[in-house]
Amino acid sequence: MVRFFIIFLVLLVVLFVGELTPPIQQWIVVPWTTLLASASAHLVQTFDTHVISYGKVLQNARTGVGVSIEAGCNGIEACLILLAALAAYPARWQAKLTGIVIGFVAIQSVNLLRIITLFYLAGWSASAFEFAHLYLWQALIMLDVVVVWLVWMRWVARQEFRRAHLDASGGVAA
Amino acid sequence: MRQPFSVISGFFVRALLWLIPALALWYLARAYVAVAPAWLAEAVMKALFPFWVHGSELHGTTQTLITGLTVPGAGGQIGELAPEANVLTYAYGMPLLAALFLAVRSKGLWWKIPLGTVALLPFQAWGVCFTWLLQIGVRAAEATQAQTRFDAFDTNLIAAGYQLGFLLLPTLAPILIWLALDHRLVQQVLVEGAMSAGE
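These protein sequence lines are chains A and B, in that order. Quick note on our numbering: the first sequence kicks off at 1 and runs consecutively. Quick note on our numbering: the second sequence kicks off at 1001 and runs consecutively.
With the rest of the complex left out, here is chain B (with noise of 0.2 Å):
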C-alpha cells in the first residue's frame, strides 16, 4: 500500500516544525551558547599567536580579542588593536542539528544531540578566529604586517580561511555530523526509491 508521505516529505515537513522553536530557543539562551566557541576560539588564537594574544572578552555574543598589536589611532595617537566577532554569527548551526535529529526521530537523542554540538564546535571557533585574522591580517595588513610577519600566502590563507568559515562551515557541518550520526534516513531513502521501481 502507498504511503500518504513519502519518507523525505514527512522528514521535510517534521525538520521545519522542529527548526523554528529550535532557533527561537537557541536565540534566547544565546548568550550562554557563545561561551563555549569563544572560550575555543580564545584558547586557538592564544596557542597559535602568543606573542601578540593576551585574551578575550565576552559581551553578549559579541567577543573582543585583546592583543598588543599597535595601530595608528585618529590624531596621531597609537592604539592596540581590538578586533571583534559576533559568535552568533556562527553558531547556528546547533539548532538545525537538534532540528534534523528530532526530524528522524532519531534514537539516542540523549547522547547525539550532545555529541553533535561539542562536535560543532571547532567549525563554529574557526568562523570566530578567522573574522579576527581578517581584520589583521587583512583590513590592518599596513599597520601590523611587521609585527604579526604575515606574508602574501598567509593573508591569502586568511582570506580564504574566513570566507569557508563564513559562508560553508555554519550550515554544512551540522548537516556532516548529522549524516555521519544517524544515516537511517539516508537508507530509508533508498529502500523506498527501489520499492517504488514496481510502481
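Isolated chain A (complex conformation) (with noise of 0.2 Å):
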C-alpha cells in the first residue's frame, strides 16, 4: 500500500505539471474543452434546440445565459487521477491500459452529465450553481473516479486469479 501511494503520488505531480505547461494547453487541454462543449451542444439539441456552444461556452442563444467550461471542469484532473492510480497499482500492462481507456470514457461521460447538468442549474439559480458547480459535482466525480478504479481493480484480481489457475493445472492463459 505504502510503494502504491508513494508511486501514485509521484506520477500524479509529473502529470498535473505536465498538463499545466503551454504545449499541454494549447494543443490538449483547449482542443479537448472545445470539443466537450460542442458535444454537450449536440447532446442537448436533441431535445432543446436553443443550445449552441462556441469556443468553450455553452450557451442558450434565446435567453443568453451560458457557461464556460473552465480548468477543473473538463475532467482532465479526474483523468490523471485515475491514470496514476492505475500506473501505480501493480498488474500487466495490457491491464493498464484497458482501464485507462475505460475509464476516460467512463469519467467524460459523467462530466457532460456534469456540464448539461450545471448549464440548466445556471438558468434556473445561481445559488443552486454555485453549490452544484463548486461542491456536489466535484465530489461526485471524484467518487466516480473511486468506483471506476475500484471496478478495474476487481477486473484484474479476477483475471490474475484465472491466470493463476490456469498456470497451476499446465493450461495457457489467455
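Derived by calculation from the structure, the hints in this document are not laboratory data. Among the clues, some could well be false.
[Stated by the list, open to error] Below, a sample of chain A positions facing chain B; criterion: calculated Cβ distance under 10 Å:
| no. | residue |
| --- | --- |
| 1 | I7 |
| 2 | E19 |
| 3 | I52 |
| 4 | Y54 |
| 5 | V57 |
| 6 | W93 |
| 7 | L97 |
| 8 | Q138 |
| 9 | L143 |
| 10 | R154 |
| 11 | F161 |
| 12 | A164 |
| 13 | D167 |
Even glycine gets a Cβ: it sits at the ideal position worked out from N, Cα and C.
Got two chains here, separate frames each, mind docking them using the hints?
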C-alpha cells in the first residue's frame, strides 16, 4: 500500500505539472475543452434546439444564459488521478491500458452529465448552480473515479486469479 | 450463491445516499467549518511572511488577509493589499470523507471521522494560502515584487501550488485519507474479484 501511494503521488505530480505546461494546454487541454462544449451542445440539442456552443462556452441562444468550461470542469484532472492510480497498481500493462481507455470514457461521460446539469442550473438558480458546481459535482466526479478504479481492480483480480489457476493446472493463459 | 449487489455497487449507492445529507449538513454549518482551516492558514502565513502579514479576518466563509503590502489605488492613492479567499472552496472534502467512511460501514467511526477531518486541515489551508499568494505574487506582482522579493521561480511555484490546491487537493485528500485509515473495501473488492473467476 505504501509503495502504491508513493508511485501514485509521484506520477500524479508529474502528470499534473505536465498538464499545466503551455504546449499541453494548447494542444490537448484547450481543444479537448472545446470538444466537450461542442459535444454537450449536440447532446442538449436533441431536446433543446436553442442551445449553441462556441469555444469552451455552452449557451442558450434565446436567453443568453451560459456556462464556460474552465480548468477543473473538463474532467482532465479526474482522468489524471485515475491514470496515476492505474499505473501505480501492480498489474499487467495491457490491463492498465484497458483501464485507462474505459476509465477515460466513463469519467468523461459523467462529466458531460455534469456540464449539462450545471448549464440548466445556471439558468434556474445562481445559488443552486454555485453549490452544485463548487461542491456537489466535484465530490461526485471523484466518487466516479474511485468506483472506476475499484471496478478495474476487481477485474484485474479476476484475470490474475484465472491466469494463476491456468498456470497451476498446466494450461496456457489467454 | 451470487450476491444481488456486488461490494462496489453497494458501496456506490451508500456513498451517494450519505453524501447528500453530509453535504447539506456541512453547508448549513459552513460558518463553523471555515474556522479551523482559516486559523491554520493565518498561522502559516504569519510564520512564513512575518514582515508583511499582520493577520486575517474571517467573515462567514470569506477570509481576508491583512497585509502591510502597499499598492497604488484609484486616484493615485496608496492602499494596503488585502487578498480574499473563500475557505469553503477548499473544505468540501470533509463531507465526502464522512460519506466514504459511512458507506463502507467503517469500524471506529467515532475516531476515524474526527481524525480524518483534522488530517484534511493542512490541505484546506494550502488552498487558502495559495489563493492569497496568487493575488499577491502573481496578479499584483508589479506592485508587490519589491516588497515581497518574489522572483520568477517563486511566482511559478505559487501558480503551480494554487492549481494543485484548487484542482486536486480538495477532492484527492479525502480519498487518500480514507484509504489510509480504512482499506477494508479494497480487500473485499480483490477477494470478490478472485472469487468471481470461477463463475
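- Per the CB criterion, is A:Y54 less than 10 Å away from chain B? Violated, because the Cβ-Cβ distance from A:Y54 to chain B comes to roughly 24 Å (cut-off 10 Å).
- Message: Please check whether A:D167 passes as an interface residue: C-beta within 10 Å of a C-beta belonging to chain B.
- Response: 13 Å, violated
- Message: Tell me if the interface restraint on A:E19 is satisfied: Cβ within less than 10 Å of some Cβ in chain B.
- Response: At 9 Å from the nearest chain B Cβ, A:E19 passes the 10 Å test, so the hint holds.
- Cut-off 10 Å, beta-carbon criterion: hint that A:L97 touches chain B: Cβ of A:L97 sits 19 Å from chain B, so the hint is violated.
- Cut-off 10 Å, beta-carbon criterion: hint that A:R154 touches chain B: 4 Å, holds
- Message: A closest beta-carbon separation below 10 Å is what the hint needs, so does A:V57 meet it against chain B?
- Response: 20 Å, violated
- Message: Using the nearest Cβ pair, does A:A164 come within less than 10 Å of chain B?
- Response: Nearest chain B Cβ about 9 Å off; hint holds.
- For the hint on A:F161, does the least C-beta distance to chain B fall short of 10 Å? 4 Å, holds
- Query: Holds or violated: is the Cβ of A:W93 closer than 10 Å to a Cβ in chain B?
  - Reply: The hint is violated - A:W93 has no Cβ within 10 Å of chain B, the shortest such distance being about 19 Å.
- Query: Does A:I7 pass the interface check with chain B, least Cβ-Cβ distance below 10 Å?
  - Reply: 13 Å, violated
- Is the hint on A:Q138 kept, meaning its closest Cβ partner in chain B is under 10 Å away? Since the shortest Cβ distance to chain B is 6 Å, the answer is holds.
- Message: Holds or violated: the hint that A:L143 contacts chain B, with Cβ atoms closer than 10 Å.
- Response: 6 Å, holds
Checked against the numbered hints given earlier, the structure breaks hints 1, 3, 4, 5, 6, 7 and 13 and satisfies all the rest.
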